[in-house]
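Protein chains: 2
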Amino acid sequence: MAEKNELQHSLRALIGESYVLTEEQDMAGYRHDGRGAAGGVPLAVVRPDSAQAISALVRWAADHDVRIVPQGGATGLVAGGVAGEGGEDVLLSLDRLTRYIEIDPVNRTATVDAGVRLSVLNAAAAEHGLFFPIDLGADPTIGGMVAANTGGARLLRYGDVRSNLMAMDMVRANADGTCLSLGGPLWKNNVGLDLKQLLVGAGGTTGIITRVTVALQRLPDARMTALVALNDPHKALPLLLDMEKALGAWLSAYEGMSQIAMIAAFAHVPGLRMPFAEIPPYAVLIELSAGGAFDESMMEDRLAAVLGPMMEGEGAPVLDVATDQHDGLWAIRHAVPEGLRAKGYVVGCDIAMRRGDVMRFRDDLADRISRDAPGFVPHDFGHIGDGGLHYNLVWDIAQGVPDFAAVEAARHIVFDAVVQDYGGSFSAEHGIGPRNIAYYRKYVPEAIQALAGRIEKNMAPVASGRVSFGLMEE
Amino acid sequence: MAEKNELQHSLRALIGESYVLTEEQDMAGYRHDGRGAAGGVPLAVVRPDSAQAISALVRWAADHDVRIVPQGGATGLVAGGVAGEGGEDVLLSLDRLTRYIEIDPVNRTATVDAGVRLSVLNAAAAEHGLFFPIDLGADPTIGGMVAANTGGARLLRYGDVRSNLMAMDMVRANADGTCLSLGGPLWKNNVGLDLKQLLVGAGGTTGIITRVTVALQRLPDARMTALVALNDPHKALPLLLDMEKALGAWLSAYEGMSQIAMIAAFAHVPGLRMPFAEIPPYAVLIELSAGGAFDESMMEDRLAAVLGPMMEGEGAPVLDVATDQHDGLWAIRHAVPEGLRAKGYVVGCDIAMRRGDVMRFRDDLADRISRDAPGFVPHDFGHIGDGGLHYNLVWDIAQGVPDFAAVEAARHIVFDAVVQDYGGSFSAEHGIGPRNIAYYRKYVPEAIQALAGRIEKNMAPVASGRVSFGLMEE
Chain A
179 MAEKNELQHS LRALIGESYV LTEEQDMAGY RHDGRGAAGG VPLAVVRPDS AQAISALVRW
239 AADHDVRIVP QGGATGLVAG GVAGEGGEDV LLSLDRLTRY IEIDPVNRTA TVDAGVRLSV
299 LNAAAAEHGL FFPIDLGADP TIGGMVAANT GGARLLRYGD VRSNLMAMDM VRANADGTCL
359 SLGGPLWKNN VGLDLKQLLV GAGGTTGIIT RVTVALQRLP DARMTALVAL NDPHKALPLL
419 LDMEKALGAW LSAYEGMSQI AMIAAFAHVP GLRMPFAEIP PYAVLIELSA GGAFDESMME
479 DRLAAVLGPM MEGEGAPVLD VATDQHDGLW AIRHAVPEGL RAKGYVVGCD IAMRRGDVMR
539 FRDDLADRIS RDAPGFVPHD FGHIGDGGLH YNLVWDIAQG VPDFAAVEAA RHIVFDAVVQ
599 DYGGSFSAEH GIGPRNIAYY RKYVPEAIQA LAGRIEKNMA PVASGRVSFG LMEE
Chain B
179 MAEKNELQHS LRALIGESYV LTEEQDMAGY RHDGRGAAGG VPLAVVRPDS AQAISALVRW
239 AADHDVRIVP QGGATGLVAG GVAGEGGEDV LLSLDRLTRY IEIDPVNRTA TVDAGVRLSV
299 LNAAAAEHGL FFPIDLGADP TIGGMVAANT GGARLLRYGD VRSNLMAMDM VRANADGTCL
359 SLGGPLWKNN VGLDLKQLLV GAGGTTGIIT RVTVALQRLP DARMTALVAL NDPHKALPLL
419 LDMEKALGAW LSAYEGMSQI AMIAAFAHVP GLRMPFAEIP PYAVLIELSA GGAFDESMME
479 DRLAAVLGPM MEGEGAPVLD VATDQHDGLW AIRHAVPEGL RAKGYVVGCD IAMRRGDVMR
539 FRDDLADRIS RDAPGFVPHD FGHIGDGGLH YNLVWDIAQG VPDFAAVEAA RHIVFDAVVQ
599 DYGGSFSAEH GIGPRNIAYY RKYVPEAIQA LAGRIEKNMA PVASGRVSFG LMEE
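Heads up: the sequence lines are chains A and B, in that order. Position one of the first sequence corresponds to residue 179 (our numbering), numbered consecutively onward. Position one of the second sequence corresponds to residue 179 (our numbering), numbered consecutively onward.
In case anyone wonders, no lab produced these hints; they're calculated from the structure. Keep in mind that a hint or two might mislead.
Chain copies aren't distinguished; within one or between two, either way the pair holds.
[To be verified] Derived SDA-like pairs: lysine to any residue, alpha-carbon spacing no greater than 25 Å straight-line:
#, residue 1, residue 2
1, K182, P458
2, K635, P623
3, K620, L358
4, K635, A509
5, K635, S475
6, K635, S646
7, K635, I279
8, K423, L397
9, K423, D282
10, K620, H412
11, K620, D574
12, K423, A302
13, K182, G307
14, K413, V284
15, K423, T289
16, K413, G307
17, K635, V525
18, K620, D581
19, K182, K423
20, K413, V585
21, K423, E280
22, K182, A641
23, K182, V585
24, K423, R401
25, K423, D502
26, K635, D410
27, K182, T501
28, K413, D498
29, K423, H306
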């Protein structure tokens, strides 16, 4: 304990008394991520407000052989941004690294400190008619978004964070805490290895992001959503292709919801307005948005031209359509996770596959799960437009608490199938952290893990982040 | 020479007699890149047709301490894909690695061998109404496009190669010639460090790309171009912002041409049709394209709504507008490089800066060049929509041949200004090779070069590619 006190004392001397938290009650707000589960109690929570102070912290950590765990908005879902057990990590909160916000409306770029929240960036950008188009349910920090390479619901139209990232300031996790500026506010720039890419989606394991420049887009002048009730989930894919053909770049989101997931949302989330007479076998939420002098009535016309013929006659694939110019229909989609959590224990699987495989996978897995993981019921929803699926298994709490082995077995059924049989991904957009590093070990070939470990070690010889992408034995 | 013959002999035994070229006349076709300048004579040109054969070649190169220089379509502009002087490099041509072409029209992806040309990929994609939207004057191979991270004229709308890249098969330049598959045909996939990023824009220095998966886009259903004659170059930027506002995602290219560059094109390139009564002080080529049920008449209307008011009255910024639904106006833009080469010795500077700085930079540099680099005359054109500028200095051949020191001094004026005074890039989209590695040494901070060198060495312990991004002394 003496050593612990000494370490805390020297941290206070380094960063300033007010910005080093060591009491459990003061640190409580930094111990939960977006999943709500608690991380360990850190040695300290440190809240520097400059890259220079972070550099000093890294040098201190190198001297004292302490691991640094960077935390952005604590909205991650893989426990990558909370301290480990054992009380030995320094949790580096970026919540005070928020001063710099520069919007360049002519260049359509924003340069912001890593601790700035997405909502704050978007409020600043909105003053110029611009926004950062990566859409998420949460309100993460920009640094965290880069560290997770978040995707979200509009990837189809705007890409992921990586494809909107122009530049990064970072502090290396090395003995010197070297500060590097990688890139600039430039749409085109190719000058050798693009080292900032090694921090994208890396969860803080390869260094600490302190400032980023991202591309902005013009806020849409017109936007509408349609919730389309389908008589059969398999109709969702041909409809996607029809919509891409009819709408071009107007199509900004194409989300799917299974019947059972919608039932859970309407049963458990208060205030949701059900737009249909009954909950259909499947529904897709289609968002149209357009810059330029277009209006919603043009969008309505365009949608009707595609959907109208699909509603006619016996066995018509489209049962009903609700439209909205606000966020009412999105509220249904966003309510699904809450509905599932209220219904039971949720085994979340953030997977991706080829778009054409999604519906076949659903049928296939429904069979496998009911046979090999009794008690778990698939409640899937997600980003059908990009092949991303939140394939969640719900264990009804009426059955009691599921045992750990059963949960793991169920998850392995899903991951084995998506990776080995469908060539898909066991981590579409949540990234890798303590929660899923075991699957990384299982599914990523050893030659890639070994190489990743060597690259990571070169980037960050001082321990940074919760996991390592190297082989465990290295 | 005995050793040389032995090496060539063992290469033939490894790859097959027919696919190892060692006679100067047979190798002549592999010695020129897109700039037309000759590289050195290689030890041999080797043309394997599989990743396995490339792996064997790498093991051979490791055993014999020979450098491998990968060559795609030989359309690069920085000499990265031609052999060095000295006769010691093996030139690895990918021109037979072309068998695998798979278009997945539902997923909107293409998986192709690295030696497949852009035109071949696009012909295969067009059968499904799709295309790979990176537009270039040349017809490179896909592997080369990744290795250069090409940008082109439609970056504004579709991004660069990196943001359209999903997966890569590669052969490591290590003693084992390890074959790795990095990623899959997935729109979302985040499983640790994304190592394929280290081969993007790296010119073959970090390994050999053998197959890639890229995202495809739907071919536009409607497309038109407008050439807008401006009374003043400074009007190009406000017009860009107006167009972005009015056209949204319909705006797919926004290219600028200086008056003197246009004069050179019309003077020296036969068959160009001049659409205006006289060549204006500046012109922008605007491309509109749209997927979905839109047509060119809607585009004409939209354009007219913006441009009409700008043509009225004394001192109106828009002097004239020509429109086209084919590629006639693009032909003018694409003729500019040829026009400049016909006019004199061209010192090409592939630079980028913030969009808002472009016109100020042009004015500034025109002064600096006329003062400090007499005899050189700026003839710029380029991608105003993304801040990319082909800032070319032309030395009239009537003045005789410029001396090397004068050329270098002129180029340094441009690069010093763009990097040091404007925070821009000395290599926007051509990448780094022997032609410009000296500028990399000058402008990239040592801490970044040192780190890049270590990462490169980890990726490729066996010499691959023409340059190294590490510090020279390492």
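Each hint, compared with the structure:
With identical chains, the CA atoms of K182 and P458 are never at most 25 Å apart, being 58 Å at best within one copy and 73 Å at best between copies. For the homomeric pair K635 and P623, the shortest alpha-carbon distances inside one copy (18 Å) and between copies (21 Å) are both at most 25 Å. Taking CA atoms no more than 25 Å apart as the test, K620 paired with L358 passes between copies only; the shortest distance there is 16 Å, against 34 Å inside one copy. Proximity of K635 to A509 under the C-alpha cut-off of 25 Å is found in neither arrangement, the shortest distances being 43 Å within a copy and 50 Å between copies.
In this assembly of identical chains, K635 and S475 lie within 25 Å of each other by CA distance neither inside one copy nor across copies; the values are 55 Å within and 58 Å between. In the homo-oligomer, the alpha carbons of K635 and S646 lie at most 25 Å apart both inside one protomer (9 Å) and across protomers (20 Å), since each shortest distance falls under that limit. In this assembly of identical chains, K635 and I279 lie within 25 Å of each other by CA distance neither inside one copy nor across copies; the values are 32 Å within and 37 Å between. Taking the shortest Cα distances, K423 and L397 sit within 25 Å of each other both inside one copy (23 Å) and across copies (10 Å).
Taking the shortest Cα distances, K423 and D282 sit within 25 Å of each other only across copies (16 Å), while inside one copy they are farther apart (34 Å). For the identical chains of this complex, K620 and H412 are neighbours neither inside a copy (31 Å) nor across copies (58 Å), given an alpha-carbon limit of 25 Å. In this assembly of identical chains, K620 and D574 lie within 25 Å of each other by CA distance neither inside one copy nor across copies; the values are 29 Å within and 64 Å between. Only between protomers do K423 and A302 lie at most 25 Å apart by alpha-carbon distance; the minimum there is 18 Å, versus 34 Å within a single protomer.
When the C-alpha separation of K182 and G307 is checked against a cutoff of 25 Å, the pair qualifies neither within a copy, at 50 Å, nor between copies, at 64 Å. Taking the closest pair of Cα atoms, K413 and V284 come within 25 Å of each other only across two copies (13 Å); inside a single copy the shortest separation is 43 Å, beyond that limit. In this homomeric assembly, K423 and T289 come within 25 Å of each other (Cα to Cα) only across copies, at 22 Å, whereas the closest approach inside a single copy is 35 Å. For the homomeric pair K413 and G307, the shortest alpha-carbon distance between copies (21 Å) is at most 25 Å, but the shortest distance inside one copy (37 Å) is not.
In this assembly of identical chains, K635 and V525 lie within 25 Å of each other by CA distance neither inside one copy nor across copies; the values are 33 Å within and 41 Å between. Taking the shortest alpha-carbon separations for K620 and D581, only the intra-copy value of 22 Å comes in at or below 25 Å, while the best inter-copy value is 61 Å. In this homomeric assembly, K182 and K423 never come within 25 Å of each other (Cα to Cα): the closest approach is 62 Å inside a single copy and 58 Å across copies. Within a single copy, K413 and V585 get their C-alpha atoms no closer than 31 Å, and across copies no closer than 63 Å, so neither meets the 25 Å cut-off.
Taking the closest pair of Cα atoms, K423 and E280 come within 25 Å of each other only across two copies (21 Å); inside a single copy the shortest separation is 38 Å, beyond that limit. Proximity of K182 and A641 under a CA criterion of 25 Å is satisfied intra-copy only: 18 Å inside one chain copy versus 48 Å between copies. When the C-alpha separation of K182 and V585 is checked against a cutoff of 25 Å, the pair qualifies neither within a copy, at 37 Å, nor between copies, at 63 Å. When the C-alpha separation of K423 and R401 is checked against a cutoff of 25 Å, the pair qualifies both within a copy, at 18 Å, and between copies, at 15 Å.
With identical chains, the CA atoms of K423 and D502 are at most 25 Å apart both within one copy (22 Å) and between copies (24 Å). When the C-alpha separation of K635 and D410 is checked against a cutoff of 25 Å, the pair qualifies neither within a copy, at 50 Å, nor between copies, at 53 Å. When the C-alpha separation of K182 and T501 is checked against a cutoff of 25 Å, the pair qualifies neither within a copy, at 59 Å, nor between copies, at 73 Å. In this assembly of identical chains, the alpha carbons of K413 and D498 lie at most 25 Å apart only when taken from the same copy (13 Å versus 50 Å across copies).
Only between protomers do K423 and H306 lie at most 25 Å apart by alpha-carbon distance; the minimum there is 12 Å, versus 31 Å within a single protomer.
The structure shown violates the earlier hints numbered 1, 4, 5, 7, 10, 11, 13, 17, 19, 20, 23, 26, 27.
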